[in-house]
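Asks: We have chain A already, so just place chain B on it with the hints.
So the sequence lines, in the order shown, correspond to chains A and B.
If you use the working numbering, the first sequence corresponds to residues 30 to 227, in order.
If you use the working numbering, the second sequence corresponds to residues 30 to 227, in order.
Quick caveat, the hints were computed from the structure, so don't treat them as lab data.
One or more of the hints may lead you astray.
Note: identical chains are not told apart, hence a pair may lie in one copy or across any two.
[Unchecked claim] DMTMM-like cross-link-like pairs, simulated, lysine to aspartate or glutamate; straight-line CA separation at most 20 Å:
(1) Lys52 x Glu124
(2) Lys52 x Asp119
(3) Lys52 x Glu208
(4) Lys52 x Asp107
(5) Lys52 x Glu115
(6) Lys52 x Glu41
(7) Lys52 x Glu210
(8) Lys52 x Glu63
(9) Lys52 x Glu177
(10) Lys52 x Glu81
(11) Lys52 x Asp213
(12) Lys52 x Asp130
Since we're looking at a predicted model, the values are computed, not measured.
There are 2 protein chains.
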Amino acid sequence: MADPSLLTQLIESLRRLPGIGPKSAQRMAFHLLERDRDAGRQLARIMAAAMEQIGRCERCRTLTEHRRCQLCASPRRDAGILCVVEQPSDIVAIEQATHYDGLYFVLGGRLSPLDGIGPEELGLDRLEARFHEPALREVILAISPTVEGLATAHYIAELAQDTDLQLSRIAHGVPLGGELEFVDGSTLAHAFAGRQGL
Amino acid sequence: MADPSLLTQLIESLRRLPGIGPKSAQRMAFHLLERDRDAGRQLARIMAAAMEQIGRCERCRTLTEHRRCQLCASPRRDAGILCVVEQPSDIVAIEQATHYDGLYFVLGGRLSPLDGIGPEELGLDRLEARFHEPALREVILAISPTVEGLATAHYIAELAQDTDLQLSRIAHGVPLGGELEFVDGSTLAHAFAGRQGL
Numbered sequence: 030m031a032d033p034s035l036l037t038q039l040i041e042s043l044r045r046l047p048g049i050g051p052k053s054a055q056r057m058a059f060h061l062l063e064r065d066r067d068a069g070r071q072l073a074r075i076m077a078a079a080m081e082q083i084g085r086c087e088r089c090r091t092l093t094e095h096r097r098c099q100l101c102a103s104p105r106r107d108a109g110i111l112c113v114v115e116q117p118s119d120i121v122a123i124e125q126a127t128h129y130d131g132l133y134f135v136l137g138g139r140l141s142p143l144d145g146i147g148p149e150e151l152g153l154d155r156l157e158a159r160f161h162e163p164a165l166r167e168v169i170l171a172i173s174p175t176v177e178g179l180a181t182a183h184y185i186a187e188l189a190q191d192t193d194l195q196l197s198r199i200a201h202g203v204p205l206g207g208e209l210e211f212v213d214g215s216t217l218a219h220a221f222a223g224r225q226g227l
Numbered sequence: 030m031a032d033p034s035l036l037t038q039l040i041e042s043l044r045r046l047p048g049i050g051p052k053s054a055q056r057m058a059f060h061l062l063e064r065d066r067d068a069g070r071q072l073a074r075i076m077a078a079a080m081e082q083i084g085r086c087e088r089c090r091t092l093t094e095h096r097r098c099q100l101c102a103s104p105r106r107d108a109g110i111l112c113v114v115e116q117p118s119d120i121v122a123i124e125q126a127t128h129y130d131g132l133y134f135v136l137g138g139r140l141s142p143l144d145g146i147g148p149e150e151l152g153l154d155r156l157e158a159r160f161h162e163p164a165l166r167e168v169i170l171a172i173s174p175t176v177e178g179l180a181t182a183h184y185i186a187e188l189a190q191d192t193d194l195q196l197s198r199i200a201h202g203v204p205l206g207g208e209l210e211f212v213d214g215s216t217l218a219h220a221f222a223g224r225q226g227l
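In isolation and in its complexed conformation, chain A is listed as follows (with noise of 0.2 Å):
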């Protein structure tokens, strides 16, 4: 019995999963086993098809199994507006937390030369075309304020800088619920050269 049995190659792949460790994932192994088979099932299918099936928006860039997303063939969605994003997940977070009703464009990823990625492997130039489109009036940029993310944010402005759109950047400061003192320093600094009349 050379190989591994097979209860031992399925906890291994569940560790394989973000967060899991070997206990835990013990725990869900014989948990599908020994309770709920039917979960089990469902997961595989429906994993298999994930992995082969979902790609690209050709439009925004995010994960869909479509050509295009749920989110661009919505005609319920404004087509006036257009949020930047990283990454796909920025999407959710956004969708869950705001009531914000237009378009999305994901990079999925920051301008970062030394690791080889360019405007190229950020859809910049589709996201240039976009900008010229006429329906589009507005573009919120809602980017990391890492130093990558804000040199991505500058390189996006100046895309836009010969049309006529309303650019702006989600609001970078103390997060709500934050005390002062315990915000970092570059965050306070931020957060005070930012200052909003009253």
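Replies: What follows is chain B alone, placed relative to chain A:
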């Protein structure tokens, strides 16, 4: 688009894993789709195989994809000792923590007449048959010290009464590192009643 997207379905199936909430499920789905599709494909393949092929060992009733599990089939295990446990996961715990090198028998639960779990459901007829195999010398009961567990242990002890088997149960008492003031009353009473001479 009435159907939920494949991504939503993937997140929902991951949520059926024990201990996984909506945020973790989402994180797992994005991680696999964006960074590790191979892990997702492997998990789907092994999960499907495990749910279909893993059954019970014909000898000890633990989970295995073979007719006999690796332990029952191993010539290196001492067939003279049999450890009776409730769940297959108990075998993993004992194998990891102890140097026990005998065989196991998995009940799959505890006697609980109100829930319709009688001797037959726990395979006690098969266990009794093993008690009469000539190679067996010793039986260790590693059953939880709950009311139902104690009743089950008592029932099994009766089955072994007309044999020459050496029968024992694992020790119950104050856990190592446990401080007396934080140990529950029944455990402490049990530990007192079961005090051992020095």
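Asks: Any of the earlier hints contradicted here, and which numbers?
Replies: When the structure is compared with the hints, numbers 3, 4, 7, 9, 10, 11 and 12 turn out to be violated.
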